[in-house]
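Peer 1: These protein sequence lines map, in sequence, to chains A and B. First residue of the first sequence? That's 1 in the numbering used here, and the numbers climb one at a time after it. First residue of the second sequence? That's 1 in the numbering used here, and the numbers climb one at a time after it.
If you're looking for bench data, these hints aren't it; they were derived computationally from the structure. Mixed in with the good hints there might be a few duds.
Which copy? The list can't say, so a pair holds if one copy fits it or any two copies do.
[Stated by the list, open to error] Straight-line alpha carbon distances no greater than 30 Å define the calculated DSSO-like cross-link-like pairs of lysine-lysine that follow:
(1) LYS44 - LYS28
(2) LYS102 - LYS44
(3) LYS60 - LYS44
(4) LYS48 - LYS28
(5) LYS29 - LYS136
(6) LYS238 - LYS59
(7) LYS28 - LYS60
(8) LYS56 - LYS395
(9) LYS367 - LYS49
(10) LYS367 - LYS136
(11) LYS60 - LYS49
(12) LYS29 - LYS60
(13) LYS49 - LYS238
(14) LYS238 - LYS136
There are 2 protein chains.
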Amino acid sequence: MQSWLDIPQNSDFSIYNLPYGIFSYGKKKPRAGVAIGNFIIDLKRAYKKGLLEGIKIPKKIFDAPVLNDYIRLGKSVHRAVRERLQEQLQDPTSLLFRYQHKLLVPMEDATMHLPVAIGDYTDFYSSEEHATNVGKMFRGEANALMPNWKHLPVAYHGRASSIVVSGTPIRRPMGQYRPNDNEPPVFGPSQMVDFELEVAFIISRDTELGERIPANHAEDYIFGLVLFNDWSARDLQKWEYVPLGPFLGKNFGSSMSPWIVTLDALEPFRTQGPVQNPPVLPYLQTEGAHAFDIHLEVAIIPQATTQETVVCRSNFKYLYWNMAQQLAHHTVNGCNVRVGDVMASGTISGPAPDSFGSMLELTWNGKNPILLQDGSVRTAINDYDEVVMRGYCQKDYMRVGFGEVRTLLLPAE
Amino acid sequence: MQSWLDIPQNSDFSIYNLPYGIFSYGKKKPRAGVAIGNFIIDLKRAYKKGLLEGIKIPKKIFDAPVLNDYIRLGKSVHRAVRERLQEQLQDPTSLLFRYQHKLLVPMEDATMHLPVAIGDYTDFYSSEEHATNVGKMFRGEANALMPNWKHLPVAYHGRASSIVVSGTPIRRPMGQYRPNDNEPPVFGPSQMVDFELEVAFIISRDTELGERIPANHAEDYIFGLVLFNDWSARDLQKWEYVPLGPFLGKNFGSSMSPWIVTLDALEPFRTQGPVQNPPVLPYLQTEGAHAFDIHLEVAIIPQATTQETVVCRSNFKYLYWNMAQQLAHHTVNGCNVRVGDVMASGTISGPAPDSFGSMLELTWNGKNPILLQDGSVRTAINDYDEVVMRGYCQKDYMRVGFGEVRTLLLPAE
């Protein structure tokens, strides 16, 4: 597909992508948009100009400061919009071409916002390499993976209120930790703030309490994916998490990328996930390919430099449990989901040591500090470090990317 | 205080209480109301009739199907409304008296709804007796309490979407459990569905991400309290919960009572909580009394009988950690809270064996089945059992109660 619009060849936001986000510009209120090259299509204005005529979209859907009501319209609408925009982007006689100065907003003029109102946030733990690494460090080689791990996609509930969009700084959390196991805990700024490289999916359909989503239909309930940095304070988490799981070690903030890449855009990059052995219970069995080949990387940019160091290169396809299985499991007990819910993958580590998705693993619990381009070393994230996660799919000429999730860590206050 | 309205002497909803809820009747849409005796004051109509004149309440606040915007108005408004209603209930020349046939809806004609839109739900674990009982059963006497337990109010995030109001049936969850530790897990209906007797508080003020709520101001952020049944599937939970905590064992449903009893109404029942030893860190220290003397009980009503058996009598004041400490801890890392958030206490067990707040503890993991009035025995909740929780405060003539949270357990489907 060729567009009359100048789309840089390496752009994450090619005509094959068309991800959704919420943006504002000038004095305009936040509204829905679609990313294309270095521009954002203002969907509110596009709708008014008749660009989407014939597609069943109620008035004012694109005025909302979140995408939930648009997402709720369903995949047939999303597909029709996607096709329409692709047509308009190719046709030099289209309305989009004619009104481009009104409808296309340069990204550099826009501020991005959280794209959805999030009801509940669930965090899975679906990377075998990550779970094994953590297990080895804290429980030893023999008991690295818990007995339940290969039977169900382990998960816990996280905090929805503290999920923020890329660009929002996060403050180093205060809290309790115990430097010495034989002494009482102390209170102060966390000494071990870490990132976790994750990808999250956004729910597109409500279910009723008591309803189950079958694994082979689960993707119908997924609107799209974002990059997700599940910030973690390792010292707080270590002291607090027994027996009910992570709490203050996680809920001081999680960062997500602003553009939701739809499953339709990711379709060409579908691939087989790892073989599951032992076989999973019937309700978790899926047919076909349910993994996606998404290249992921994490970079650290220290204060007072623009020099970044890529510390991790991983891939979404490494995950042992796929999204369909995660969602089937989440609802097998009748737990209901709602449009806008966020379900994150858990840290995505690969087999190679430079593919581990957290500083905890990359430095092997601090034993192997990482040398950055500016000569400084890290075992955790420093104040004023910026952490940037990026993700993209590439197949020949076709590129579908996520942009980035970028977060500055501020000192404790 | 004497009212012209006939309020039964043992009513939970005395003139000293005036709790808030959301109700509907006839073909009317859900709206805000205040319980008094066997009636509900329709706040939407009361506002229109000028009953609340002079109090700063924006129009349409009482039209909303949830209380969040009313709660957000702040304690000064809530207090003014409370005093105004108490005046009107005492004065036989008042507007409320004059329009009583329009403004007072018989409870028996009303349907209650979830009173707030819940952003996030947190469940604490603040009863020393409960944590000790569970610890003894699963880890033995010596390691009953975890090392962190007396240093911080342990908590985890729960699922907000599956919180339902009293009267909503809950379905027995399906899921994985492992009957034999040496064999693979099986899939089927949970064999051990249990209640957990809890009390939850509702947040009344938003905070910003990065903001901390000091313990001695924490009650300013609490609107009021409800009874809370944190339904638990013990077998699912046992298999899934390591290492990240409870998930499907809890999120198939939690039930709350429909009336939010304000902290102002509970003020006369304030009392000292347990002595905390070792001393807690400064950010968790509170001055004065922060416990509340609320009698609690749980009854089971088997199918095909109206005969109930009270299986547990406990008290909110037994909790080791008070609400101010819980909220100070929750936000000490900068985690933000939002109006309508629900924070539950965790199972409230007392010192006596008949005060334990779950079947797990009451039957000591099934070893001592409970005999019900109808001659049947229980180690867990059966299909079509109704579980009823009640709570009230009493001091001389003054009674402030919560009503009940009542839930029917339906069979797995």
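Peer 1: Are the hints correct? Go through all of them and say.
Peer 2: Results for each hint:
1. LYS44 - LYS28: within (11 Å within a copy, 35 Å between copies)
2. LYS102 - LYS44: Intra 11 Å, inter 44 Å, cutoff 30 Å: intra-copy only.
3. LYS60 - LYS44: both (8 Å within a copy, 28 Å between copies)
4. LYS48 - LYS28: within (16 Å within a copy, 36 Å between copies)
5. LYS29 - LYS136: neither (49 Å within a copy, 57 Å between copies)
6. LYS238 - LYS59: neither (50 Å within a copy, 49 Å between copies)
7. LYS28 - LYS60: Both: 15 Å inside a copy, 27 Å across copies.
8. LYS56 - LYS395: neither (33 Å within a copy, 61 Å between copies)
9. LYS367 - LYS49: Cα proximity of LYS367 and LYS49: none, with 59 Å in one copy and 71 Å across.
10. LYS367 - LYS136: Intra 14 Å, inter 37 Å, cutoff 30 Å: intra-copy only.
11. LYS60 - LYS49: Within one copy only: 13 Å inside a chain, 34 Å across chains, cut-off 30 Å.
12. LYS29 - LYS60: Answer is both: 13 Å inside a copy and 24 Å across each meet the 30 Å cutoff.
13. LYS49 - LYS238: Neither. Shortest intra-copy (55 Å) and inter-copy (57 Å) distances fail the 30 Å Cα cut-off.
14. LYS238 - LYS136: For LYS238 and LYS136, the Cα distance is within 30 Å both inside one copy (15 Å) and across copies (23 Å).
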